[in-house]
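J.: Given next are the chains, with one letter for each unit.
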Amino acid sequence: MNEPRQKRHRTLTSGLRSRGESGAVALEFALILPILAMLLLGTVTAGMTYAHGIGLSNAVREGARFGATGSISPSPATPGTWNTAVISRIRATQFDSSAGATAVCVRLWKGTAAAGSVVTGSDNCDQGTFGTPALTIADTAFPAVPASGLTTDSCVVQVLAAQRYSITLGVLPSLGGTMKRAAVARYERAC
Amino acid sequence: MASPIARRRSDQRGAVAIMVAITVSALMITGGIVMDFGLVRWERQTNKSAADDAVMAGLQAADNGTGDVYNSSAVCGAYEFLRVNRRVLNGLPADVCATVNTSQICVPGDSTTNVAYHGTTTAGSKRFEVWIKMPYSLSDTSTGGPFTEESLTTLSADPGASALQGCDQIGVVIKEWTKPGLGKIVHSGELVTRVRSVSRVKISTGDQPPALLLLERHKCGVLTVGSGGSPSRIKVYGSGSAPGTIHADSDATDAGCGSGPNTQLLQGKQANGLVAYGSGTGITGQISTVATDQGRASNIVADASANVYPTSGLNESTPGTAGSITGRKIVKRTPVDKRYLAGLRTLATSARGQWDLNHSSPTGYTRYDCSPNMATLAGLSSAASVYIDCPGSSGITLNGTIGAGRIFFHGFIKNGKLAMPNATQVYIDDTNDSGAKITANAITLGNNNGFCVRATSCDTLATGTCSLTPTGGLSQADLVVRRGNLNSSSGGLLRLCNTRGLLAGGQLGTATNPEACLPTSNGIAPTSTPCPGSSTPAGSSLVGLAGSTDWTAPNRYGDMAGPPLNMTKAQQQTAWDGGEDLALWTETYGTGSDFKMAGGGSMHVGGVFMTPNAAPFTVTGNGNQDLTNAQFIATSFAVDGGAVLTMRVDPYNAVGLPSLYDFRMVR
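These protein sequence lines are chains A and B, in that order.
If you're matching positions, the first sequence starts at 374 in our numbering and goes up one per residue.
If you're matching positions, the second sequence starts at 39 in our numbering and goes up one per residue.
Next comes chain A alone, as it looks inside the complex (with noise of 0.2 Å):
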């Protein structure tokens, strides 16, 4: 009969391969495993890196908004205490507990790009714990006052938000680097 002298091979090659093999897996394993780290590592640190890229975009364009529709003026609302307001909002709402370590840079310009200027005590860049080099409005990146469509009497909001990011990959040396998000919004008040 064939079914019994497959049933003693059966156990015979399990008890076999149950000896002989295991190292070779487990050995396996710890040679796919740097891989399947960096792979996971990566991925996640990854996925959150997009998550904060996400809720920084959202944050600038929230912020920008914010400081559109906020009053600059009468007193208290001082521009001081105006772009005081937009950081502070900014960083509320990128929903996000290293929002503490976002530099955040505002202004607002009043007048065309051509001939204009930046309305006295508007423009503040606060860093929180974003270290050096530190974010300024000098940054290449800080957006541009658009070139038409205002006015000497307009006002425009800019905002620019940095954040560092890191990507870790384990084995590998980290991914690292810094996302920056900017907004534009016409001021929406007298100015």
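Derived from the structure by calculation, the hints contain no laboratory data.
The structure displayed is predicted, hence computed values, not measured ones.
Virtual Cβ for every residue (Gly too), placed ideally from N, Cα, C.
Please note that the accuracy of each hint is not assured.
Once the Cα atoms are required to be at most 20 Å apart in a straight line, the calculated DMTMM-like pairs of lysine to aspartate or glutamate come out as [said to hold, decoys possible]:
id, chain 1, residue 1, chain 2, residue 2
1, B, 240, A, 561
2, A, 483, B, 74
3, B, 164, B, 74
4, B, 376, A, 561
5, B, 257, A, 526
Quick partial rundown of chain A residues pointing at chain B, CB under 8 Å, derived from the structure [stated by the list, open to error]:
id, residue
6, 405
7, 407
8, 412
9, 521
10, 559
Once you have looked at the hints, place chain B on chain A.
T.: For chain B alone, kept in the frame of chain A given last:
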């Protein structure tokens, strides 16, 4: 030959690696697909946000303070905001925005005034197509097809104002094509999204003119009514469908503004001190300030809600429901300038030619000295031109009538009682032969003296008062004063019927000192230096009328835009260039009592009184004061001495407020 067991052992080496490789690959492909489709959704949301910002910025760029929709500025403003906020669109071609036509106005139904931007660009594997349109119709299918949400009840019932044919709306449409990466496995074609944002502004027909338009930008005390306990009041009634309206441009940010006594923007001083009544069509009166628009506290805007308020009632007998002071964006003097400046410059230039005439033999005039035969002058017809050459320090004192149409006074008017029933042009060159100032006043009228244009009676206000009824034909005069003030004391009468007055302030026109101090474009009042560059201001052109004043503006037409006239905008502008509805214009700066009317005398005035640098224009006294149909534009305005002003501005004979308001997103 290897045993089966050994063979199987060697066959299965690497199986884990293969399984891991297959599993990881599957995971990565799945992750890639998820990322592909997720990114498309994220891109769509980003496009929508950028379009939202662009339409709001563009719509505001359409407002130039004139009530017209500047659609080239709007479309190109939206285009620039789109490029700045959505950097992948930075490569969009300029198309119609290569040159922004800042004077382009959207005219409903006139397709030549349409502005439509269309451009495409690529960024990596993405392609974009963008449309920006103003006028924009919500049923427009040329931007990549219809938008299905328009069939939903909530939107289909909101198509915008049909008469404006989209001129009140700007639309931005962004279409994006994305080539999927690993997503190709489940979707071979490009992933396409399309978003749209539309914003809309309301456009008033300009039929809500304010009785008082106050131009002060920051200070308080802009409108004060008497002192506590005095009976002074201002009552602004509605007229027809237009409610009683007052507007102040001040944002109340001056250090002197506060919640203490006499520190508010509007000060009624007592209950019902300052009230704007509603229209006969049920529209509540309107008192608006920029300060309210900017969120200033109500106790800084007005001294008490019981003292200063708009109401739905028509008058004191039907008080209605009190409303709140509302916010309005800054108006400035622009709407008044837009209507009248061009015509006034023509008038000032014409007057300049008169000042330059040879006094001894003025071309086109019959010259008389200080003591003409009044019977001769009375017998002249309207075709005649009379030149009274009397530049001495005693002034010109004439009693009687001058029948001529064109009358030139070389010298200042001092008392007398003079009627000029046929006058069409009256010039007062109150300088001596060297062109220097003689005295402060161009007209000074003591007790029982009068100066009357287009009126046969020059005795008392009780008889022959100037009519406010439209004249139909051309029946009006221009009074141009070269440098001095208008002055009357108790018992004096200044009667200027259907007369446009221009007080030139001694400003003769140079590169730095424009003719009659008139700005070359829209003015910048209020300013204490209305004529920059004038180092030696030779005249002042203030108004101090303590006697009786009877002054109405040229009023040929009633409703120009409506039937039966149905005048076009160009035809209306021609009428305004000729002085229609304008009573007084002086750019002179003055404080304290520099600009004052009434005293104990009577007051009957109608038309637009443009004194943009009067800080304040004061009406005082407790005489018979009829300001029906008068509109005052000044830095600030004050009423005192028991004066109770009843104002009712005819919307057809005054300057309306600029009419773009209520900017909002509708899609």
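J.: Are the hints correct? Go through all of them and say.
T.: Hints, one by one, checked against the model:
| no. | hint | result |
| --- | --- | --- |
| 1 | 240(B) <-> 561(A) | 16 Å, holds |
| 2 | 483(A) <-> 74(B) | 41 Å, violated |
| 3 | 164(B) <-> 74(B) | 12 Å, holds |
| 4 | 376(B) <-> 561(A) | 24 Å, violated |
| 5 | 257(B) <-> 526(A) | 19 Å, holds |
| 6 | 405 | 5 Å, holds |
| 7 | 407 | 12 Å, violated |
| 8 | 412 | 6 Å, holds |
| 9 | 521 | 4 Å, holds |
| 10 | 559 | 4 Å, holds |
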